[in-house]
Amino acid sequence: MLMNGLNIISLCMHTFDRVLTMNNKSLFFCMVRMFLSSPVCACPSVCFLLLFVSPSFAQPAPDSLKVPSKTLGEVIISSGEKSRNRRDSPVTVHTISSRSMTSVQACNLSDAFRFSPGLRTETNCQTCNYTQLRMNGLQGGYAQILVNGRPLLSALLGQYGLEQIPINLIEQVEVSRGSGSSLSGPSAIGGTVNLITRFPMKNSAEVHTFFQHTGSNTNDINTSANASLVNKENTAGLMVYLNKRNRHWFDANADGFSELPMLALNSAGFTSFRRFGETQRLEVSASVIDEYRLGGQMQKKSPAFLEQAEERKHRIYMGSAEFRQNFNHNQSMWMAYGSVQYINRTHYTGVFPDSASAIASHLSNPPYGATVSGASQAGLRLMHKFPDFLLGKNVITIGSEFISEHVLDHIPAYDYSVNQLTTNWGSYLQSEWHMGNHFTLLSGLRADKHNLLQRLVLCPRLALSYEISDNTLFRMSYGTGFRAPQAFDSDLHTAIAGGGVSRIRLSPSLTNEFSQSFSLSLNSDYPVKNGLIGFSLEGFYTELQRAFFLAHLGQDANGNIFEKQNGSGARVSGFSLELRGVFKNIIEGNAGFTLQQSVFDNPIEYLLGLSPTRTFLRTPNAYGFYSITFTPVKKWMLSLNGVYTGGMLLAHLGGADQSTSDRMVSTRDFLELSGKISRTISCKGWQTELYAGIRNWSNAYQSDFDKGKNRDSNYIYGPGMPRTVYLGCKIQIRNNEKD
Numbered sequence: 001m002l003m004n005g006l007n008i009i010s011l012c013m014h015t016f017d018r019v020l021t022m023n024n025k026s027l028f029f030c031m032v033r034m035f036l037s038s039p040v041c042a043c044p045s046v047c048f049l050l051l052f053v054s055p056s057f058a059q060p061a062p063d064s065l066k067v068p069s070k071t072l073g074e075v076i077i078s079s080g081e082k083s084r085n086r087r088d089s090p091v092t093v094h095t096i097s098s099r100s101m102t103s104v105q106a107c108n109l110s111d112a113f114r115f116s117p118g119l120r121t122e123t124n125c126q127t128c129n130y131t132q133l134r135m136n137g138l139q140g141g142y143a144q145i146l147v148n149g150r151p152l153l154s155a156l157l158g159q160y161g162l163e164q165i166p167i168n169l170i171e172q173v174e175v176s177r178g179s180g181s182s183l184s185g186p187s188a189i190g191g192t193v194n195l196i197t198r199f200p201m202k203n204s205a206e207v208h209t210f211f212q213h214t215g216s217n218t219n220d221i222n223t224s225a226n227a228s229l230v231n232k233e234n235t236a237g238l239m240v241y242l243n244k245r246n247r248h249w250f251d252a253n254a255d256g257f258s259e260l261p262m263l264a265l266n267s268a269g270f271t272s273f274r275r276f277g278e279t280q281r282l283e284v285s286a287s288v289i290d291e292y293r294l295g296g297q298m299q300k301k302s303p304a305f306l307e308q309a310e311e312r313k314h315r316i317y318m319g320s321a322e323f324r325q326n327f328n329h330n331q332s333m334w335m336a337y338g339s340v341q342y343i344n345r346t347h348y349t350g351v352f353p354d355s356a357s358a359i360a361s362h363l364s365n366p367p368y369g370a371t372v373s374g375a376s377q378a379g380l381r382l383m384h385k386f387p388d389f390l391l392g393k394n395v396i397t398i399g400s401e402f403i404s405e406h407v408l409d410h411i412p413a414y415d416y417s418v419n420q421l422t423t424n425w426g427s428y429l430q431s432e433w434h435m436g437n438h439f440t441l442l443s444g445l446r447a448d449k450h451n452l453l454q455r456l457v458l459c460p461r462l463a464l465s466y467e468i469s470d471n472t473l474f475r476m477s478y479g480t481g482f483r484a485p486q487a488f489d490s491d492l493h494t495a496i497a498g499g500g501v502s503r504i505r506l507s508p509s510l511t512n513e514f515s516q517s518f519s520l521s522l523n524s525d526y527p528v529k530n531g532l533i534g535f536s537l538e539g540f541y542t543e544l545q546r547a548f549f550l551a552h553l554g555q556d557a558n559g560n561i562f563e564k565q566n567g568s569g570a571r572v573s574g575f576s577l578e579l580r581g582v583f584k585n586i587i588e589g590n591a592g593f594t595l596q597q598s599v600f601d602n603p604i605e606y607l608l609g610l611s612p613t614r615t616f617l618r619t620p621n622a623y624g625f626y627s628i629t630f631t632p633v634k635k636w637m638l639s640l641n642g643v644y645t646g647g648m649l650l651a652h653l654g655g656a657d658q659s660t661s662d663r664m665v666s667t668r669d670f671l672e673l674s675g676k677i678s679r680t681i682s683c684k685g686w687q688t689e690l691y692a693g694i695r696n697w698s699n700a701y702q703s704d705f706d707k708g709k710n711r712d713s714n715y716i717y718g719p720g721m722p723r724t725v726y727l728g729c730k731i732q733i734r735n736n737e738k739d
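In our numbering, the protein residues as written are 1 to 739.
One thing to keep in mind: the hints can contain errors.
[Unchecked claim] Calculated cross-link-like contacts (lysine to any residue; reagent style SDA-like; alpha-carbon spacing at most 25 Å): (1) Lys301 to Ala356; (2) Lys313 to Ala370; (3) Lys635 to Thr102; (4) Lys301 to Thr218; (5) Lys202 to Gln565; (6) Lys449 to Gln565.
No wet-lab data here; the hints were simulated from the structure.
Kindly generate the complete structure, drawing on both the sequences and the hints.
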């Protein structure tokens, strides 16, 4: 894989050097030659070549279509998909830059999300380490994760996607809490997270490798590479990336069963663009992810012979394309876009039985499963700017999109099967009205027709911003949304629990959820001598009607069964505070803290025989973070950060030797403290960064994991990793002319 990736970069650079002197016939023979030599390496290079065939190749691009030079933490791709200063956005947007992710040594998106107000990531399985994002106190299915504005993370990819999508692909993360924009999908109740991938803006290359050591014998090696090529006229470009990760098991309680699974991850992909004439642009991207993970008994055997194991093999393909055109003297723009995703997964989830007859049955029909998942999206959007609209100006956006997802998952040994096709056709109309110099009103209406719902669902959304002064901005938003009675990421997770397998099924009478969300925020940034200080305060309230919850139905021959049902309703409310500051570009820091309450209207019986409760499970009432970066001299940097996770309520199924009965558990709180020091060595055209650090140096980690093969794998909480030491090296090469 790595050698193929290096060949991709080499071929693309060779293509760039020769393409300017080729005619179309030469280009054709060049493509044929590449396919014959290496089909794997040819694909991105051919896409790059095709972008150059147009006769308008040499024409310069207008400013209206140029990719903006991102100022970290300032420029966003807004809900209307226009680049702007985040202060000008009518909805609150928090950004996590690639620089911020580097300073906190984020290995994956799960690590990065923890450093944004109102966001929290958690590990939901002790054996396979399935992770989930929670936003404003709502679990993963209430947040919409986008890649460049497209919902490429399907329900199945949502299980492990926070670890599978490599950090070196991401330029910036934009977090919008609440449902203020009509362009967001109907299920974006808690908010949206938009992953902005790296874009070819100049000729550059980067190689990054780092080593992590956890516990006494767990090693984790990460290697990544990026390369970008842009022609002199800035009318075409290509960015390719590679990522490779290998991690060994980690056993926290010396019982021979892992708390961190063995992991092998390889990914590669490209992003390319081509401008046609003065007003048109095409973007194409594609990625492939190959992952293997094995958790449970730490022995190198076939999973069917292990005392307990969860094995997952993923092959994931993702692609997207977008064409946009400006017209009407750049007052109007239309765009067409589409994305596809295909996942082929084989998996095993099982516990080796004890009796001779059960062993014979197990070995004759081991619980292997197969999953095929496909998702696609296509849409059209039209935007028009009215420069003289009543008291100011207005941007009207109208569009329609179709999303389809099919999941087919079978485990014959457990008589478990999911065969679900979901489609949603959504149309929207949105107005972004700038009234004078102080007011902005964002209003819109979505109309969605879901195949699992009989009626058309209308979702009005509204956001208002008011500039109190040059330094202070007030925002408020209101939005509605719904979740269809379909299988989300957590429902597709089959886990070890209480000596058997825990499965989730949908109630035959399950109907859709409906939500209303409100938020108020105050944002202020004050310049001071040699620096800047600021804060953001946001209050939020979400009301859920017919709220989903999991009811414990008991056990069958294979293990526990949970059913997703509708409750009477639920309410989530709280506030988030963010503080930030910069002094002389020497000290830069930010911190966020969230206080909240998440309760059902009526008590829920999570486990049979135990007292019902109104409290949401796995939802702490308090959580937060801080990150401080010191740069006392130009070439040295010291980063300190911490993540706080408050106590929460969990269901704990009995079955392990030390925990024989079901119970509800209130956990303690945790404070992870981490630090990193780096040294930068610069020379003409290249730069090297050497660094080392410790994650969670206080070893704030769960201490009461179940032991043995009959453990409850869902009984896991708190920080995702114990104390970990790391060191790394990053080499960047840039073309000085493009800088």
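These are the hints, each one checked on the structure:
1. Proximity of Lys301 to Ala356 is assessed by CA-CA distance (about 20 Å); at most 25 Å being required, the pair is judged to hold.
2. Among the hinted pairs, Lys313 with Ala370 is consistent with the structure: their alpha-carbon atoms are about 10 Å apart, no more than 25 Å.
3. Under the criterion of a C-alpha separation no larger than 25 Å, the hint pairing Lys635 with Thr102 is consistent with the structure, at around 16 Å.
4. As the CA atoms of Lys301 and Thr218 are separated by approximately 19 Å, the hinted pair is consistent with the 25 Å bound.
5. Proposed proximity of Lys202 and Gln565 is contradicted: the alpha carbons are some 52 Å apart, above 25 Å.
6. The straight-line distance between the Cα atoms of Lys449 and Gln565 is roughly 22 Å, inside the 25 Å bound, and the hint therefore holds.
This entry does not satisfy hint 5, going by the numbered hints stated previously; all others are met.
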